[in-house]
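Chains as they are written, first to last, in my numbering: chain L, 1 to 286; chain S, 1001 to 1322.
Simulated from the structure, these hints should not be mistaken for lab results. Be a bit skeptical, because a hint or two may be false.
Claimed, not checked - The list that follows gives simulated cross-link-like pairs (lysine-lysine, BS3-like), each with its CA atoms no further than 27 Å apart:
1) Lys-1111/S / Lys-277/L
2) Lys-110/L / Lys-1111/S
3) Lys-1321/S / Lys-1261/S
4) Lys-1236/S / Lys-1135/S
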Amino acid sequence: MNVTTIFILHGLVYAGLLFLVSSGLTLVFGMMNVLNFAHASFYMLAAYFSYSLLIWTGNFYLSLIVCPFLLFVIGAAIERFLLRRVHVLGHVHELLLTFGIAFIISELVKWVWGTAPLPVTIKGFLDGNLNLFGTVYPTYRLFVLFCSILIGLLMTLLLLKTRMGIIVRSAVDDSEMVSALGVNTPKVFMFVFALGAALSAFAGVISGPLLSTNTGMANTILVDAFVVIVIGGFGSLIGAVIASLMIGQLQSFGVLLFPKFSLALIYMLMAIVLILKPSGFFGEKK
Amino acid sequence: MEKRIFKSIWIWVLIVLVIMVSFPLLAKPHQVNLLTEMIVFSLYAVSYNLLLGFGGLLSFGHGMFLGLSAFTTGAMLQRIPGLPFFGAVLLGTLIATLVGLGIGCLLLRHKGAYYALLTLAFNALFYAIAIKWQKVTGGDDGLPIKRPNIHLGFTQLSMSDVTVFYYVTLVVIGCALLFCWYFTKTAMGKTVLLLRENEERMQFIGYDPSISRLILFTFTAFFAGLAGSFYALFFKFVGVDAISIDMTTTALLMTFIGGTKHFFGPVLGAGFYIYFQNFLSDVTDRWPLFMGILFILLVLFVPRGLSGLIQSLVDHLRKTKN
Chain L
1 MNVTTIFILH
11 GLVYAGLLFL
21 VSSGLTLVFG
31 MMNVLNFAHA
41 SFYMLAAYFS
51 YSLLIWTGNF
61 YLSLIVCPFL
71 LFVIGAAIER
81 FLLRRVHVLG
91 HVHELLLTFG
101 IAFIISELVK
111 WVWGTAPLPV
121 TIKGFLDGNL
131 NLFGTVYPTY
141 RLFVLFCSIL
151 IGLLMTLLLL
161 KTRMGIIVRS
171 AVDDSEMVSA
181 LGVNTPKVFM
191 FVFALGAALS
201 AFAGVISGPL
211 LSTNTGMANT
221 ILVDAFVVIV
231 IGGFGSLIGA
241 VIASLMIGQL
251 QSFGVLLFPK
261 FSLALIYMLM
271 AIVLILKPSG
281 FFGEKK
Chain S
1001 MEKRIFKSIW
1011 IWVLIVLVIM
1021 VSFPLLAKPH
1031 QVNLLTEMIV
1041 FSLYAVSYNL
1051 LLGFGGLLSF
1061 GHGMFLGLSA
1071 FTTGAMLQRI
1081 PGLPFFGAVL
1091 LGTLIATLVG
1101 LGIGCLLLRH
1111 KGAYYALLTL
1121 AFNALFYAIA
1131 IKWQKVTGGD
1141 DGLPIKRPNI
1151 HLGFTQLSMS
1161 DVTVFYYVTL
1171 VVIGCALLFC
1181 WYFTKTAMGK
1191 TVLLLRENEE
1201 RMQFIGYDPS
1211 ISRLILFTFT
1221 AFFAGLAGSF
1231 YALFFKFVGV
1241 DAISIDMTTT
1251 ALLMTFIGGT
1261 KHFFGPVLGA
1271 GFYIYFQNFL
1281 SDVTDRWPLF
1291 MGILFILLVL
1301 FVPRGLSGLI
1311 QSLVDHLRKT
1321 KN
């Protein structure tokens, strides 16, 4: 019983992280048709920024705010000055560009911070344990879970209740039509791209103390996030939520039950979903 | 007109052939080695470009075929004593082709971003297997390989000799490259272009895009596998790097640097990449960074790559001449 609870919680925590990363990815893809390979690099970059900021100031909460903001600016700049330039050349070029950016970011990180994994330790209230359902569980993991649920709720509110949200949702459906109705879609694209980068950065910061900060972290979560949006369906937020939960549990119980094949399980799930429903759970047929 | 173009191509082929054959007589062993590496990777890049440039399919899983074949070649040479050189090459290539066929069957309905994602996921899967399955792949340590000699009945080719290995590679890979080039000129090769240009229209004419995609995918898997086999034999070692996403990245970079619109662009790209890498790695440890910056600059400003640049230069010269 105890072990099961712990592993369910582990899975939920990972699902939270995965959701933060994949939600931006899926929205950007739904709107702009750009598969952003650099998305997880924002996650990694934020984790490294947070590491340096922690050494510098020692305040974790500060980096929770500063790093996503920094990545918001970087994301907006990348969309405005690089991605928009190659937009006319077609989707393959946009994809290649984000891929190149991801490549450069990973090399820069190796250059500046070295290739060794960096430990991030937190102090104070978050560093303890809590009693939960009769098991002792690290507070920090619960904090991560709490943060991702909070952000998920905020995003839902933003998308469902505000004018901006209506525009974004309709742009996912048909961006040309939205543009024809007089909305400045390039601006919306930039905003969503930057917001996605900021979300990804937030995930990066909170993942620092949880998983190790290393140069391979971007690729690890990128592949998982891709699987999430394939299973959930491109452009669907609710699909991303459900697929994240599935992958999270699969990841955590896979390690427990079949340690040798845990990595392959995710891909097997993806292959099954694709054979049964090629557009994913909530994806539209294109 | 058609005939004259054909003739001029044969003259070029002849010139390149003469240079390639006489190269080891004039160059130092390490240069011969470098050229061997370039030849191996040019087949890899050309096979990738058949997908990207000709078929319009962006794959992020090409490295798995190279890696699979390299690992099969290595593992078979280790397990089966007395396995001949071409036996090992054949086995490696065969496995890569079969896996390509299997994965191609799963992917044949997809294209665009789905295609990129799925191939990436499959590559990640094979990478995970290579790391976990230590009994066969050696895990993180990799597999050391001994190059077997080639027995020709009356004589024996010593494969440890740099020059001999160079000639064998040149002949085999050269033939494969020519075959790929011939493929793009056949009716089947033309349907691949249809795949890129207008799939709907292709269906109207009566071709099945899924089948064409499957054939193309398997075809490229075969040639990537052949390149992989020679990759393993060239380095006399296979590590998990051979099957990683980075290997796919390498193909992408080479192809894009060389230019995707021309058949021989990736050959140029592979040569340039290997040379540039060799040159930069002497100067700085951070050579991938410069490669990445070069890549971004190319995507932004020279989307047609080096071969496109040469093409427009030639066109310009012709214009001024007239």
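Here is what the structure says about each hint:
Between Lys-1111/S and Lys-277/L the CA atoms are separated by roughly 16 Å; this keeps the pair inside 27 Å, and the hint holds. Distance restraint check for Lys-110/L and Lys-1111/S: the Cα-Cα separation of roughly 33 Å exceeds the 27 Å cut-off, and the hinted pair is therefore not satisfied. With a C-alpha separation of about 25 Å, the suggested pairing of Lys-1321/S with Lys-1261/S holds against the 27 Å cut-off. Between Lys-1236/S and Lys-1135/S the alpha-carbon distance is near 19 Å, which keeps this suggested pair within the 27 Å criterion.
When each numbered hint is compared with the structure, a violation occurs for hint 2 only.
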